[in-house]
Amino acid sequence: GENVEQHPSTLSVQEGDSAVIKCTYSDSASNYFPWYKQELGKRPQLIIDIRSNVGEKKDQRIAVTLNKTAKHFSLHITETQPEDSAVYFCAASTGTALIFGKGTTLSVSS
Amino acid sequence: GAVVSQHPSRVICKSGTSVKIECRSLDFQATTMFWYRQFPKKSLMLMATSNEGSKATYEQGVEKDKFLINHASLTLSTLTVTSAHPEDSSFYICSAPPGMSTEAFFGQGTRLTVV
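From first to last, the protein sequence lines are chains X and U.
Numbering-wise, the working numbering puts 54 at position 54 of the first sequence, and it's gapless, one number per residue.
Numbering-wise, the working numbering puts 110 at position 110 of the second sequence, and it's gapless, one number per residue.
The reader is advised that the hints may include incorrect statements.
As the list claims (entries may be wrong) - Here are the simulated SDA-like pairs of lysine to any residue, each with C-alpha atoms no more than 20 angstroms apart in a straight line: (1) K41/U <-> A86/X; (2) K41/U <-> L40/X; (3) K42/X <-> M100/U; (4) K102/X <-> H72/X; (5) K68/X <-> M100/U; (6) K37/X <-> T31/U; (7) K42/U <-> K68/X; (8) K41/U <-> T105/X.
Since the hints were made in silico from the structure, they are not lab data.
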């Protein structure tokens with residue numbers, strides 16, 4: 001089955017810096033790659049997603065890139081703000097269940 | 001967007017009792033629902049896939065007799081934790097699968113505490 005690896009597990013940046021979180025997946029049939037932000041005890045909140053027919057997608061300060069050949073995708077957050085501090089999860093899906101990475105705790109200090 | 005409603009949001013039960021968690025799709029029909037478990041500071045782990053009209057499929061290591069899943073209709077999937085023990089205390093959350101152009105929709109999650 002699918003296996004998703006996520007790095008780093010923790011990331012500390014200064015306000016205004018960029019943050020990059022990387023994920024790799026194992027199942028070449030995966031075609032949907034969402035990124036979530038999750039607050040403690042709450043459901044995951046989708047922040048951006050990308051499908052396998054696209055190499056990059058951007059939404060304001062957030063962008064995701066996908067390299068199907070290498071089977072990895074990355075989340076890029078520019079001009080980070082303290083409110084970006086949260087736990088972020090990547091996931092991969094073949095159209096069925098989402099398989100999640102282990103998560104990254106992002107801390108943005110002002 | 002589509003709404004998945006999960007209840008209860010929090011439940012405390014005594015060891016040995018059973019707890020039922022419901023997940024309803026409010027404005028769409030879900031032939032499939034996924035159930036995840038999340039321990040504190042950990043990721044969401046897929047437990048099982050609920051299929052309307054057929055048996056659920058369980059991930060390796062998940063006890064099907066302990067975590068009973070029923071998909072009685074196109075709008076309701078339930079997870080029953082039987083003979084709960086403190087180690088079953090966790091955050092349980094359901095999700096409908098992503099569509100060709102839609103995201104996966106999650107329930108609100110259920111915080112189960114077994115005392």
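Okay, the hints, checked on the actual structure:
no., hint, in the structure
1, K41/U <-> A86/X, "12 angstroms, holds"
2, K41/U <-> L40/X, "8 angstroms, holds"
3, K42/X <-> M100/U, "25 angstroms, violated"
4, K102/X <-> H72/X, "15 angstroms, holds"
5, K68/X <-> M100/U, "18 angstroms, holds"
6, K37/X <-> T31/U, "27 angstroms, violated"
7, K42/U <-> K68/X, "27 angstroms, violated"
8, K41/U <-> T105/X, "9 angstroms, holds"
Consistency with the previously given hints fails for numbers 3, 6 and 7, ordered from lowest to highest.
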